[in-house]
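Construct the complete structure from the given sequences, taking the supplied hints into account.
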Amino acid sequence: MSQSLNLIQPLVEHLVNAADTQSAGQALQQAGVFSASEIMALEPAAIQAAYRTLQHVQLMNCSSDELLRTIEQHQVCWPTDLSDEFKQGAISY
Numbered sequence: 001m002s003q004s005l006n007l008i009q010p011l012v013e014h015l016v017n018a019a020d021t022q023s024a025g026q027a028l029q030q031a032g033v034f035s036a037s038e039i040m041a042l043e044p045a046a047i048q049a050a051y052r053t054l055q056h057v058q059l060m061n062c063s064s065d066e067l068l069r070t071i072e073q074h075q076v077c078w079p080t081d082l083s084d085e086f087k088q089g090a091i092s093y
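Quick note on my numbering: the sequence shown kicks off at 1 and runs consecutively.
Hints listed in this document are in silico derivations from the structure and should not be mistaken for laboratory results. One or more of the hints may lead you astray.
For each label pair, taking beta carbons as the anchor points, the in silico distance ranges come out as [to be verified]: (1) E85 <-> N61: 32 to 38 Å; (2) S23 <-> W78: 20 to 26 Å; (3) N6 <-> D84: 15 to 21 Å.
C-beta: ideal position from N, C-alpha, C; glycine also.
What follows is the structure, given as structure tokens:
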């Protein structure tokens, strides 16, 4: 589970940062979270928060393969902080 969270959290951040308020609102409406009139009544920050939650919940409920496909589809990459011991083992291998 924690390994999935290590992938999900940065992916959610990427998806939220890549989405504008309008596309986030459309995703919320398509998912049945809010109606069009409810979305229009929300502040942009509230739409982004709801979109962040929607993405997190959707990714938490997908399989590992689906998660990896989503990462690949969106071409998401982020730096990793590997311990020196692991780096040495990888180099030796």
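May I ask which of the numbered hints given earlier this structure violates, with the numbers listed in increasing order?
Result: no hint breaks.
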